[in-house]
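With the hints in hand, could you dock these two chains into one complex?
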Amino acid sequence: MNPTPTALLAEDEPLLAQALRAELARAWPELAIAATVGDGASAVAQSLALKPDVLFFDIRMPGLSGLEAAAELADAWAPGTPFPALVFVTAYDQYAVQAFEAQAVDYVLKPVQAARLQKTVSKVREVLARRSPDAIDMEATLGHTMKQLRHLLEAGQPAAPTGGPLRMVQVSVGSSIRMVPVDEVVFFEAADKYVRVLTAGHEYLIRTPLKELLPQLDPNAFWQVHRGTVVRTSAIDSVLRDDQGKLSLTLHGRPEKLAVSRLYAHLFRPM
Amino acid sequence: MRNAITPLPAALRAIRLDSLDMFRHYLQTLAFSLAISAVLYFTSSPDKPYEVPMVYSLCIGTVSWAIIDFGRHLIAPSAESGWPSGLSGMVLTAFGIVGGFLAGTAAADAWFGWSSWDQSPAQLRTTWVFSLLAGVAVCYYFYTQGRSSYLHGKMQEAERQATEARLKLLETQLEPHMLFNTLANLRALIATDPAAALDMLDRMIAYLRATLGASRTAEHPLAAEFERLRDYLELISVRMGPRLRYTLDLPPELAAQPVPTLLLQPLVENSIKHGLEPKVEGGSVTVRARRQGAWLQLEVADTGVGPGGERPSGGSGFGQTQVRERLAAAYGPSATMEFIAPDDGGTRTLLTFPAKT
Numbered sequence: 001m002n003p004t005p006t007a008l009l010a011e012d013e014p015l016l017a018q019a020l021r022a023e024l025a026r027a028w029p030e031l032a033i034a035a036t037v038g039d040g041a042s043a044v045a046q047s048l049a050l051k052p053d054v055l056f057f058d059i060r061m062p063g064l065s066g067l068e069a070a071a072e073l074a075d076a077w078a079p080g081t082p083f084p085a086l087v088f089v090t091a092y093d094q095y096a097v098q099a100f101e102a103q104a105v106d107y108v109l110k111p112v113q114a115a116r117l118q119k120t121v122s123k124v125r126e127v128l129a130r131r132s133p134d135a136i137d138m139e140a141t142l143g144h145t146m147k148q149l150r151h152l153l154e155a156g157q158p159a160a161p162t163g164g165p166l167r168m169v170q171v172s173v174g175s176s177i178r179m180v181p182v183d184e185v186v187f188f189e190a191a192d193k194y195v196r197v198l199t200a201g202h203e204y205l206i207r208t209p210l211k212e213l214l215p216q217l218d219p220n221a222f223w224q225v226h227r228g229t230v231v232r233t234s235a236i237d238s239v240l241r242d243d244q245g246k247l248s249l250t251l252h253g254r255p256e257k258l259a260v261s262r263l264y265a266h267l268f269r270p271m
Numbered sequence: 001m002r003n004a005i006t007p008l009p010a011a012l013r014a015i016r017l018d019s020l021d022m023f024r025h026y027l028q029t030l031a032f033s034l035a036i037s038a039v040l041y042f043t044s045s046p047d048k049p050y051e052v053p054m055v056y057s058l059c060i061g062t063v064s065w066a067i068i069d070f071g072r073h074l075i076a077p078s079a080e081s082g083w084p085s086g087l088s089g090m091v092l093t094a095f096g097i098v099g100g101f102l103a104g105t106a107a108a109d110a111w112f113g114w115s116s117w118d119q120s121p122a123q124l125r126t127t128w129v130f131s132l133l134a135g136v137a138v139c140y141y142f143y144t145q146g147r148s149s150y151l152h153g154k155m156q157e158a159e160r161q162a163t164e165a166r167l168k169l170l171e172t173q174l175e176p177h178m179l180f181n182t183l184a185n186l187r188a189l190i191a192t193d194p195a196a197a198l199d200m201l202d203r204m205i206a207y208l209r210a211t212l213g214a215s216r217t218a219e220h221p222l223a224a225e226f227e228r229l230r231d232y233l234e235l236i237s238v239r240m241g242p243r244l245r246y247t248l249d250l251p252p253e254l255a256a257q258p259v260p261t262l263l264l265q266p267l268v269e270n271s272i273k274h275g276l277e278p279k280v281e282g283g284s285v286t287v288r289a290r291r292q293g294a295w296l297q298l299e300v301a302d303t304g305v306g307p308g309g310e311r312p313s314g315g316s317g318f319g320q321t322q323v324r325e326r327l328a329a330a331y332g333p334s335a336t337m338e339f340i341a342p343d344d345g346g347t348r349t350l351l352t353f354p355a356k357t
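Taken in sequence, the protein lines are chains A and B. 1 is the number of the first residue of the first sequence in UniProt numbering; add one for each residue after it. 1 is the number of the first residue of the second sequence in UniProt numbering; add one for each residue after it.
Okay, chain B solo, but in the shape it has when bound (with noise of 0.2 Å):
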């Protein structure tokens, strides 16, 4: 087992990884090769057998193939096309060809045992050209084929990391403890006042149903935002009694204003998580709409222990990240999310982003 951990040169090992991508590559120039050779066989030399064409054309195609697909793993081939960035890439190619079309000839002249620069300057002119065209289309070809498999690559990548992101935003608010804690709130509720009990169950559907939406629509009227932090904050009322108390201030002419969906939901929950249910005596949590000109600024306040108290596990500042990125998704740079401790205790979040007439 030595050998196994033996560390190989950088090139060699890139060249060892992609070994099945360039058989693959080589398969694919040698199909090139014969159909090279099928078409030069019925356009210009009829007279000859067709094993002539055939042969140059491989001897060539072999050539040229281990040329650039060697040359491109010892020069850094970029991540977007598998080939070597801008002149180096362009010099490779080139070189390519051309030492491909000359060694491939002299392979072949060996085979036959003639020599073709004996034939007259117009024939070897139009093989030469015939072969830097093909050349040429069959680099192109295996260029964009890079190209477009490196962006499917990535396209794939993006659409698995905003799977990740809902699945995320998920778990954190279907937590089981939350849930748990509002169920068993909920079950005492039933022996004891079931007109309240039917009330938080109400709001707890309203607040599954939208956090589970939330992942399929973009966007929705504050005023929705707004009634969802209620249900949010009725649940978490019932559950921490008189320690609790909220306001939730939106003006009625920004009612409409469309935000993305639940998007101050992780910053009142991390007000609730960090701020209010860590501390004896409880507090308020206070979220307010402001238009200032062209700007629409939405606001969530504590009374909280602030961000130097102790954090339960799972206080991660996912909340806030979760928010930041998709402010950022939905306005573009225009948009700013601030967050201020003040130094007697609870925090303040400012988003501001451009409104919609």
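The following block holds chain A by itself, in its conformation from the complex (with noise of 0.2 Å):
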């Protein structure tokens, strides 16, 4: 722990942050506020760049939620740097809190009560105390962080629409509209406001975000292996591991490789 702790803010909207940053003064006097950013891709690029030990993680921001936000850091965290402890701030979500209740992660309902906070900080002193800088023990912390995020993540799913699987996907070519049988499909790719639709032979654009798209697909079927990665398990031919641990995939009737978040690690593991 660094003599004087430090903190990063992730709030959009600017009279939250700034009481946030007023009732942190007052319950920590000795944290310092690295940074205040208002949407999930500079919280991202300030944590990594900043490396602060605390992080006030916003729910709902624009860009990127808090959550996919804390995912994505965890992914892009360099190992051999401890994790910072991470706080989730909502005004209201019922998801998250429910998934905070089951999981040990500390939360601050907004608006910020002196009091809650008082009993968050000082949970967060005693995380950042405990912390040694083994190595082995900063990565089963990331693990840790790992595990809560997949459940709050999945806790705010959307229910999967009932009907069954999605048995084809319809792409509109030109003027026409062709029906591409899921079975076709190597894996789908989030790119900007569309989704690229990968088969062995072409690649279509369908506007369905992903996270819509998610629930439809038949669950032991298609994997989610990143934020924007959605692959057919029975495509997948190798996970090879690299010198830092990251995994990628490669696959029958693609030449592509894919990345794998380590929040989708689990999901390869020997048998």
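Source of the hints: derived by calculation from the structure; they are not laboratory data. Note that this is a predicted model, so its numbers are computed, not measured. Honestly, I wouldn't trust all of these hints.
Unchecked claim - Reference excerpt, derived from the structure (chain A facing chain B, CB under 7 Å, subset only):
| hint | residue |
| --- | --- |
| 1 | E13 |
| 2 | L15 |
| 3 | L16 |
| 4 | A19 |
| 5 | W28 |
| 6 | A35 |
| 7 | D39 |
| 8 | P62 |
| 9 | G63 |
| 10 | A91 |
| 11 | K110 |
| 12 | P111 |
A virtual CB, placed ideally from N, CA and C, is assigned to each residue, including glycine.
Structure representation (structure tokens):
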């Protein structure tokens, strides 16, 4: 732990960011606020650059949600430095609150109240004090964070619509619509406003967001391996691990190599 | 339990489902029969015992009821009256009345051990006509009763749907996330800028009052509509800060035009929720009123992520549907709603309907 602990606040509503700063100054005077950002992507970039000890992430932010930002950050976090203590801030989010209650990541409900924040602060200080510079221990805490994030992200997923898994993907090609059987799809990849649909021989674009597509797919046939990638399990040829410990997939029928984010690395373990 | 899952033929199933209803009909038929027999007894044949007209009447009533009530279930009754529609209904009724008369008379004859067909033609004609009239009257009664209970049900259903729509509107406008975030901002302001907090609180009160009152008053002037939009946008501005810019453009000569209360509110809310909130750099919302000849045109436009962007949970298109329905209810088919999503992002919604002179 640094002599003066540092924190990063991610909150898109300026007044609430200001209020959290003020409350934190009262509850934890030694804490230095390294930066305050207003969206998920900046939260990830600034956290990587500044390596603060504590993160206060709002759940609902433009760009990436707080949960997604945390997952992405954990993914990109270089091994060897301790992962920051993560605190979520939310105004009202039933899923998150439920999930938080089941798990141990701390959270603060907006509006931030002094007494509650005091509790959070002592929890965070305890976590920071217990931290050892031992690299193995660090990997373990990161693993724990991953597990919690997975749990939280799953709790926020919309329920699968009834009517069985999707069989055909309708893609527009020029002025006509082509029916692409889901069984022919090798993987789906989010691309800006679109989702790329890749079969062995073709590539199509559809406008349905990956988030909406995912619950319609058979969870045994398709796995999410990254925030923006969903792959057909039977199309996976091999799983490679590089010297950083990161996983990537090679595929039958497509030349691409797909990166597996740490969040989903648990799917690939030798039997 | 094997019996429970054996499928019944459709006709039998319908009869089974309605057995209570049919029993009620039968009791009513018996009551009618007794009344008819009493009339018969006092008007035509006080010389014979009361038993005679009563047995005839009950027998005819029972057979007629059986033919018609079972028959109408076998010939798929229409939902409106519980009676087969058109010709088949008339044929069934006629068959029920005539068949009831013939079979009922035969049954009563068997009971007393004589034959009614031996009576004089004049007497036969009287009973015939009387029975026919009574049969038609009773059938007409059941027909109108079925119809009115159908209409009553329809009315109740319409009322229930209206209540549901009102509740749903309220639910979306008092969405917990919006409410709690606004309160959180208010709390922050109280400590730092009490004057701004007061202003925000006033806006919130006006917004809540308008939302809760919207289900009670049907129309208000366009100026009031714009004022409520300003309250809402001010609340959101406090929350989003410089990420939100908005323009409300209402020409003074249109200020008094009546519009359905909070008609534009769901559209502006969609622009904020699905257009600007997810956009990192924010953007602007513009609400504009224009007059084009006899038409009034209202426009809600934003520079947000557009419909292709990510939709947070709850984006079910309810707002759009709601506005379309209210517009149709207030102005009929002459009103139009156009939704435009330019490729470079953002959305525009245009409402056009007749202006009040």
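For each hint, the structure was consulted:
no., hint, in the structure
1, E13, "holds, 5 Å"
2, L15, "holds, 5 Å"
3, L16, "holds, 6 Å"
4, A19, "holds, 4 Å"
5, W28, "violated, 18 Å"
6, A35, "violated, 16 Å"
7, D39, "holds, 4 Å"
8, P62, "holds, 5 Å"
9, G63, "holds, 5 Å"
10, A91, "holds, 4 Å"
11, K110, "holds, 4 Å"
12, P111, "holds, 4 Å"
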